[in-house]
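A.B. asks: Protein sequences, first through last, are from chains C and B.
Numbers 1 to 566, taken from the working numbering, label the letters of the first sequence in order.
Numbers 1001 to 1647, taken from the working numbering, label the letters of the second sequence in order.
Think of the hints as simulated: they come from the structure by calculation, not from any bench.
If you're wondering where the values come from, they're calculated on a predicted model, not measured in any experiment.
Glycine included, each C-beta is placed from N, C-alpha and C at the ideal position.
Accuracy of the hints is not assured; some may be wrong.
[As the list claims (entries may be wrong)] From the structure, some residues in chain B lie toward chain C, with a derived Cβ separation under 8 Å:
#1 1094
#2 1097
#3 1170
[Said to hold, decoys possible] Derived DSBU-like pairs (lysine-lysine); straight-line CA-CA distance at most 35 Å:
#4 C:505 to B:1185
#5 B:1466 to B:1596
#6 B:1185 to B:1466
#7 B:1549 to B:1185
#8 B:1397 to B:1185
#9 B:1138 to B:1185
#10 B:1138 to C:505
#11 B:1397 to B:1549
#12 C:228 to B:1138
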Amino acid sequence: MSDFPWLTLLIVVPLVGSLVTAFLPGGLAKRVALGVSLLTLAIGVAAATQFQTGSGEQFQLAEQHSWIPSLGVSYALGVDGISLALILMALVLAPICLLAAWHDLDRRQTASLAASAEDETVSTRSESTYFALLLSLLPFMVGVFAATDVFLFYVFFEAMLIPVYFLIGLYGGERRQYAAVKFLLYSLAGGLIMLVAVIGLYIAGPGGSDGFLVERLTGLEIGGSTEKWLFLGFFIAFAIKAPMWPVHTWLPDAAAESRPAVATLLVGVLDKVGTYGMIRFCLQLFPEASQWATPVVIALALVSILYGAVLAIGQVDMMRLIAFTSISHFGFIVLGIFAFTSTAHAGSNLYMINHGFSTAALFLVAGMLVARRGSTRIDAYGGWQRVTPVLAGVFLVAGLSALALPGLSSFVSEFLVITGTFQRYPWAGAIAALGLVLAALYVLLLYKRVMTGPTPEIVEGEPTLLRGDESAQREQDLPYIREDLDEGVRAGRIGLVADLSWREKAVVAPLIASFLILGFYPAPVLDVLNPAVERTLDLVGVSDPDHAVPASSAESADASTNGSDH
Amino acid sequence: MHNQLMVSLVGEGGAAAASAASGLTAWGWLLVALPLAGAALLLLGGRATNSFGPLLATGLSWASFALGAAILVAMLGQDPAERAAHLDLYEWIPAGGFELSAGMLIDPLSISFVLLVTFVGSLIHVYSLGYMEHDPDKRRFFAYLNLFVAAMLLLVLADSYLLLFVGWEGVGLASYLLIGFWNHKPAYATAANKAFVVNRVGDIGMALAIALIFATFGAVDFATVNAGVPDASTAALTAIGLLLLLGACGKSAQFPLQSWLGDAMAGPTPVSALIHAATMVTAGVYLIVRSHAIFDASPDARLVVAIVGAITLVYGAVVGCAKDDIKKALAASTMSQIGYMMLAAGLGPVGYAFAIFHLITHGFFKAGMFLGAGSVMHGMNDQVDMRRFGALSGAMKITWITFGLGWLAILGVPPFAGFWSKDKIIEAAFIGEGWQPWVFGLTALLGAGVTAFYMSRLFLMTFHGKARWTDDVHPHESPATMTVPMIILAVGSAALGLVMVLLDFPAWLEPVLGHHEHEHPVLPIPVIMGATLVVVAIGLALAWFRYVKESVPTTAPKGSLLTRAAREDLYQDQINSGFFQWPGILLTRSLNYADKAGVDGALSGLAAGIGGSSSALRKVQNGFARSYALTMLAGVVVFLGALWVIN
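Build the full structure now, drawing on both the sequences and the hints.
C.D. replies: What follows is the structure, encoded as structure tokens:
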């Protein structure tokens, strides 16, 4: 079975499924799309059972075929622990997002999101195309993480922009076209810079008909300014994707204008290509330059952590708020990657997985609220805990995951990043820890404004939709912080709303289960990640700083506890 | 010489190797699992569990108590040196250089806490059956109570700092949920947020302490840390100690992170009794005592702990004198009493055992008084203003007597519980050399007098003097579900101190804390005891003259400058708001503006500039192609440049 093309299958099945879906009628299309995503997940799980954590090879389930030999390009796929974990996360999130998007194009919700008259076109857009596009993200997500040929990676990296562009630009909110183009321009700019570096890397490498293979480009010892330029070429592209301060500004627009399911896949999975790329390409191919750039990257990561969190506190729009929390969290991931300790590095890798589920819960649950109220503005809510108690509980759990409450998965990864960073750069660790308080603020203030306070008055008929003038106020800044201090949560009038449906519970349940399972028992995932972490740090050529207390005394203590345990 | 003593203490006590849990102790994980299962069932089960949920939660809490008591009995049958048991659960976090198993440390210190938490906790479950009877969200309330008990037990049973931290923030979550239980009132929702956020400020200290512990020792479990302390530098140990103290200040409402506790009284009264008086807020004291190996080796860190405790005990006592809200007065008292415990913990080996001793007796008498306050509120239409109470001794006899026993206990009147525990702290505070015994000793002594004043003020204003009731109240005694727990706690308030002295409680903790030779205070013990009784009598007499002899006005008089400051918690909120909140809001606003105008603007401008059209981004369709082409052109230029660099 070892030669079975698992990874190709994981690309082909959803790709074919997506093409089929596009030509089916709407109702059937989404069922088929969901079925295909579940089938892909099953294949992914089967593939994962073939993966051996103890293997000496960097890439397993590997496939390699010559593609454009004259340019040194191969079709080469393979996974190590990091990419396998990311692929599985994507495979789990895909059916969840499809299920969450089930009624996205129903008339009422469409009308609420796309408020102005000209946007009525959205409601007439094809449901099958929407689900086909959503499903079509899957092959790109698998491919970009599985590619072990730099050029192939670049192809996936650029190609996946296309479905995202259409998902935002065709199906998003009011300013969807602005957001879509902004997303595209940022990504293309990064992509082009990377293309230059990709070609430069080939020239610097050994060349030949398979000169783009990662394994042939590893350990080149390019050195000097060339390595630095190539590093920067890749890094800038990944920083935009990640997204890091100061090239983050496309994300809040893209996330706020997207449908929740699209925002989830965009921020939760596709943006991980940025941090994944830093590990796979920046660190592995340019170890010397990576260390050279470390001080600046760490500074930028710290700025991202605090800046994203402070901005999140000040948002008036739920989706933008969630987007800014992700900027803060990506700061943690980058910090852990460039702290170069095994603890921080393992933390960052785990963070990528946990953040995917965590941010999915935030976006999707917020989306459930929006579907009921028709507004993403925070001040359109208040007192909803007594209207939809289950939804409120789930919203709180998603928020607690975002603030990294111990016991939930995000805590394990955030703690490992802070502790591992502290080991080498105590000040950086200490500054990052300030994020703990800021996270508590943005989550709890959001919960307070949306869920607590006097119960809104329920009126018969359609829920009051906020539209027209009020959505124009979006540009106005922050009257709410002040209002909040004054206890000015207003109740408002809302239409009859139902609490979570079974479909919505099915969306949320696996996410919350992942918080708890990976919070109390992250060992299985860490066991898969650890060998990859070790290899990366070996390639960079760093080892963990020593502990102040001699290992011998610590070991003897271990021995004494172990001895008494058994 | 002093140092040698401490090193030997560490050797004997701290690392007293825990044996593997066997027999009943091996089931110790059930202590946490039972209430946790209750919380999960009630929260996930939804309305289907409405009918039996509260009873089930109460039963599970008692089950946890029964198991804890059985483990205690088993432990008593063992040789003192073998009482500590380690229960290895599973491999929790294997991450590169960081390896940690989840496990429990069941020793005399943790089992003492287990019994306090489950016994008082279970009584309060019973009390809540009556107190919350008509609340529509009763099931949710009991789920949160069970969640709290589980988290608190995890906190005290954890065998590593990281697992302790899970319980630590877990109780914080339960506290947040319960303070905000009636969060349809915006002020209550704000109080809940305030508690969580201030605790999180302390938790920065906890997180960094754990990070520094890992950087120093390479592990974060108690056994490795205790064993490594002799080899660690004093600077590192002091830093760890101070960071832990920051965490303890947040959780235990110690200066300067005490501002949340008064507002936390927004929660239902049983919650105030359990979480914000008897158990959770004392977790900081537990943390310091559990980390005694670190504090033993760092006199500087210990001194800061003692100073924080001394400041808070005075601070809380002063605030307590001015509050008219019965719950807020009790909260100030809690803060002050925990200050005593912190002071004792900061005194080092002479004080650890007394800190825990007072913590346990305080858990009983303070919980009892809070339940009494709840009973009063129950009979007085949920009023809390003591200026509207008075003469309730007749209408609520059981409440009056049980509250009275708690009052005698906190005053330290012999032979009630506080006499045995608080006086020991005052004596210990007089031990030492130089200025310290005089400053700490006299502060503790003076604090006892102020405590006597404000607690007598509270007791007399509520139960004695003339009735100052509003017209619509008809005071009545509470139902048995409420009075029985009050009676049991009152018995504890009366007798527990003496019982624990007779059983030699400090010796019980010796396997954990090490043996400590008796030291002599700078004043003879009878003098200290006498002086304490005198200041207590003065405080009591003052209160009697002002609140029984003279009539109490139903609206608060303007009061002196100090009174007005104390009513406002000595302006802590105003200071916090001036120094942190407003600058924070300003920062948020300006960054938000800068992000739109500055960062985004600059990048958009750049893109537009490259595109050759200032409206490239807005006029999507026509600007796009050009800007794309030009970006590509720029890319090619960079590409050529790169080639030139390479060759």
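A.B. asks: Would you settle whether the hint for residue 1097 (chain B) is holds or violated, based on the nearest Cβ-Cβ distance to chain C being less than 8 Å?
C.D. replies: 5 Å, holds
A.B. asks: Taking 35 Å as the top limit, are the C-alpha atoms of residue 1138 (chain B) and residue 505 (chain C) close enough?
C.D. replies: It holds: about 24 Å lies between the C-alpha atoms, which stays within 35 Å.
A.B. asks: Close enough to count: is the Cβ of residue 1170 (chain B) nearer than 8 Å to one in chain C?
C.D. replies: Holds - the Cβ of residue 1170 (chain B) comes within 8 Å of chain C, reaching about 6 Å at its closest.
A.B. asks: Regarding the pair residue 505 (chain C) and residue 1185 (chain B), is the alpha-carbon distance no greater than 35 Å?
C.D. replies: 29 Å, holds
A.B. asks: Sort out whether residue 1466 (chain B) lies within 35 Å of residue 1185 (chain B), counting only the CA atoms.
C.D. replies: Within the cut-off at roughly 33 Å; holds.
A.B. asks: Mind checking the CB of residue 1094 (chain B) against every CB in chain C and telling me if the closest is under 8 Å?
C.D. replies: Nearest chain C Cβ about 5 Å off; hint holds.
A.B. asks: Is the hinted pair residue 1397 (chain B) and residue 1185 (chain B) satisfied, with a Cα-Cα distance of at most 35 Å?
C.D. replies: Holds, at roughly 33 Å.
A.B. asks: Sort out whether residue 1138 (chain B) lies within 35 Å of residue 228 (chain C), counting only the CA atoms.
C.D. replies: Judged against 35 Å, a Cα distance of about 63 Å means the pair is violated.
A.B. asks: Is the hinted pair residue 1397 (chain B) and residue 1549 (chain B) satisfied, with a Cα-Cα distance of at most 35 Å?
C.D. replies: Satisfied, since the Cα-Cα distance of roughly 22 Å is no more than 35 Å.
A.B. asks: What's the verdict on residue 1549 (chain B) and residue 1185 (chain B), does the C-alpha distance respect the 35 Å limit or exceed it?
C.D. replies: Violated - the C-alpha atoms of residue 1185 (chain B) and residue 1549 (chain B) are around 39 Å apart, more than 35 Å.
A.B. asks: Check the hint pairing residue 1466 (chain B) with residue 1596 (chain B) against an upper bound of 35 Å on the C-alpha distance.
C.D. replies: 64 Å, violated
A.B. asks: Assess, step by step, whether the Cα of residue 1138 (chain B) is no farther than 35 Å from the Cα of residue 1185 (chain B), and give holds or violated.
C.D. replies: 17 Å, holds
Consistency note: the structure conflicts with the earlier hints numbered 5, 7, 12.
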